[in-house]
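Student: Those protein sequences? They're chains A and B, same order as listed. The working numbering puts the first residue of the first sequence at 178, with every later residue one more than the last. The working numbering puts the first residue of the second sequence at 178, with every later residue one more than the last.
Please note that the accuracy of each hint is not assured.
The list treats identical chains as one, so a pair stands whether inside a single copy or across any two.
Claimed, not checked - Restricting the straight-line Cα-Cα distance to at most 20 Å, the calculated cross-link-like pairs of lysine to aspartate or glutamate (DMTMM-like) are:
id	residue 1	residue 2
1	LYS371	ASP506
2	LYS486	ASP312
3	LYS477	GLU489
4	LYS295	ASP246
5	LYS441	GLU369
6	LYS295	GLU181
7	LYS441	ASP506
8	LYS510	GLU452
9	LYS371	ASP438
10	LYS486	GLU377
11	LYS200	GLU303
12	LYS200	GLU186
13	LYS295	GLU186
14	LYS517	ASP312
15	LYS374	ASP291
What the hints contain is simulated information worked out from the structure, not anything from laboratory work.
Protein chains: 2
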Amino acid sequence: MRTESQIIERILSGLARRAAGTKPGWLRLGIGDDAAVLRGTFSARGGRNAADLVLSCDAFLENVHFLVDVHSPDAIGYKALARATSDLAAMGAAPRFFMLSLALPASRTGAWLDNLIKGMARAAREFGMVLIGGDTSQNATVIMNVTVGGDVASGRALTRSGARPGDRIYVSGILGAAQLGLQLILRGLHREWKWKKLLEPHLRPNIQLGLGRWLAGERSIRAIASAATDTSDGLSTDLTHICQASGVSARIFTAQIPAVDVPKSLARHRFNSLELALHGGEDYQLLFTVPAAQERQVPKVFRGTQITKIGEILRAKSGRSSHVIELVDAAGKKTSLTPKGWDSFRTTSHKQ
Amino acid sequence: MRTESQIIERILSGLARRAAGTKPGWLRLGIGDDAAVLRGTFSARGGRNAADLVLSCDAFLENVHFLVDVHSPDAIGYKALARATSDLAAMGAAPRFFMLSLALPASRTGAWLDNLIKGMARAAREFGMVLIGGDTSQNATVIMNVTVGGDVASGRALTRSGARPGDRIYVSGILGAAQLGLQLILRGLHREWKWKKLLEPHLRPNIQLGLGRWLAGERSIRAIASAATDTSDGLSTDLTHICQASGVSARIFTAQIPAVDVPKSLARHRFNSLELALHGGEDYQLLFTVPAAQERQVPKVFRGTQITKIGEILRAKSGRSSHVIELVDAAGKKTSLTPKGWDSFRTTSHKQ
């Protein structure tokens, strides 16, 4: 069985690379980042300031990404748009529009659909997005595909490939919180009122659009961040993506990782806060690098969200490309961090 | 149970209409046509001739749109991109790029996936499109969502809403041929060599990109067609879409409809050629209207594809909006044509 990255490699070699020699001039950034970037021609901001158009698409599938008997249609609708739009945040883009391709069983076309749309409409209002197209089908399970579009000042999109040795590594918010919420649901603990609040990061991710735009240098003469991605797959996997795209390695410090706080009352469930933070996906925070010279510009808190420095970028290591991250524990002991974040082809089933 | 158009109506009222009062200036055409149009800012053609960006998305689902034990992965891959790109043809746009959201069982990630990609790559080369992004997941069935983008000269996109009383109605190619091919497969007749050729329109639709661009006036000082759509749902449904969007009704003549020729050797299967042509979907031909004054510009054959005049646009009729098409038979007898084309929520199962 192939892993997700092997499958992507197949698709790339069959479809994308074929055209590599003739990458069209209008395409600033193709496949392989959080989103694609079309060169300097979108004028949502009006006037002569043509911006780059940023496009991404994301599938959100019943029994793979959510369970209809556990997740409310409202939460599913909100999250479907939020997680797709998080890719625009990772590029530093301002979201503008989306398309919804929706398939569902006939039995869900009544109140369930109405509530799904309600949740999605709330997300659209919050992010300032307009629905511009879509497609509907009948299907045995609920299938959503969300295509999102936004804009960023010409040439300013944040990519995964700009990290350089010496750059500092930062992450926004708390890591592992979404995975903890998911685990509570999978263990049937989500009906207990005292843990309701712990479900929020899983049910309603707080995507970082404002931070993304600031990092892309919306208000500066140049970008703050040298590279960025969102923490959708888990820190170990997402940081590996940045390292591989940038041709560098990284060192992070366990003691500095803003790992989710697991309440003592959950002690008997043996959650490991650091493991959740390193490998739990779906936090939809931003992971980014900043050149040392610009370190002082990064605040401790950005509009209410904490920003934490967790390590630094190193020169590329020789050897296996999957071992590019060095993890340093509180005692100074170094280990190699294996990417163990979300891969729907490695995990047989995410939710069961 | 709701029909597909009632579901779209729910989505529209919940998501799209909310923003109707504040339709952003960059959005030339939103939801409700074959594709969305973003105003005059895409420069794939180079130079100062900024073009409109045209975007559409289409789901292609196992057990809904295709069967993996009947359709070859190569044919599925080709058709997934072709049917999505047909929406760009209907807008008169030149295709440029696509994104692929793919979910599939682990068991299909080997040779099956390679052949799927091969078929899709063939379509991409044929249409001149570049893969710019995507998403992969594991799922129990094969799910594809294809987002396509292209460009058309500023303000020239063909819409469904421009038909006016007196306009002539045309269709390209043969209607009902894809449905005949599908029916042969559903009845298990597709393994008989003598009927192999009849399967082609179903397996490998011949989308009309060149015709679409010509109708949008790529080589003229103005557009040839006043309205257009592709015949994806079936003539009765697709022409109803044009009538509803344009606020008109239509008269078509049975004797003029270029219906598929059913071989005499299939007589005992009682296929009705006219029914196939009126209600069989997936031909991906173009259905378009042309002002009477420009009628002479429409050739009988466009680059090898026959073009047939099938009727004319009339003033809107009062009464039920679903009965907007008058069908005139060879004897001059008039009947009302009910849209009975493809609706995945009306047909319990398309393929079984």
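Student: Quick check: which numbered hints come out false for this structure?
Tutor: 1, 2, 7, 10 and 15
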